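Model the full structure from these sequences, guided by the hints.
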Amino acid sequence: MSAPGAITAFLEGEGRDGRGRTLFEVLAMDNDALERTHDYIQWLFPLREPSRAVPDAPVLIDAEVEAIRDSGMARIALAAATDRMDAFYRATHDWLMPNDHNHLRITRIIRSLRLLVGDAEADAFKAAILSRVEATRAPVSARSRGYWTTA
6 MSAPGAITAF
16 LEGEGRDGRG
26 RTLFEVLAMD
36 NDALERTHDY
46 IQWLFPLREP
56 SRAVPDAPVL
66 IDAEVEAIRD
76 SGMARIALAA
86 ATDRMDAFYR
96 ATHDWLMPND
106 HNHLRITRII
116 RSLRLLVGDA
126 EADAFKAAIL
136 SRVEATRAPV
146 SARSRGYWTT
156 A
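With the numbering used here as the guide, the letters of the sequence shown map in order to residues 6 to 156.
No wet-lab data here; the hints were simulated from the structure. This structure is a prediction, so every number in the text was calculated from the model and none was measured. Heads up, none of these hints are tricks.
Derived DEER-like restraints, expressed as beta-carbon distance ranges:
no.: 1; residue 1: G10; residue 2: A147; range: 32 to 42 Å
no.: 2; residue 1: M34; residue 2: E139; range: 19 to 29 Å
no.: 3; residue 1: A143; residue 2: D37; range: 13 to 23 Å
no.: 4; residue 1: P103; residue 2: G25; range: 32 to 42 Å
no.: 5; residue 1: A147; residue 2: T27; range: 36 to 46 Å
Here a beta-carbon is modelled for each residue, glycine too, at the ideal position from N, C-alpha and C.
Now the structure itself:
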């Protein structure tokens, strides 16, 4: 768990994640590092629910949701994180299979964007992912697509 305000501070570029990385260090990770590292996505795209994959990941409380929504810097960071993950999913193809851990990440990104930024941004990211799946005719499971559709 994170200290109160730690997620907001991280997204505003003033704090560090659970491993001591800054927002800028995480956003600068190359695609290989993004693929093999499993504890950054909870900081870039936080939720109110605990992560099953990373038990000590931060969890949002209502006050922090409001702080992030009200922070221009945090909203810019969420836009930059969305752009980075969009670029990652456009540049890589290992996730374009029936089941992959990235499917959970995609669901988290959509849900976090919907909570913290708004429906338009969440739906735009979801549309980009579904477009990539359709364009490549990837065999992504109906279950994963369902989670993305309802996120």
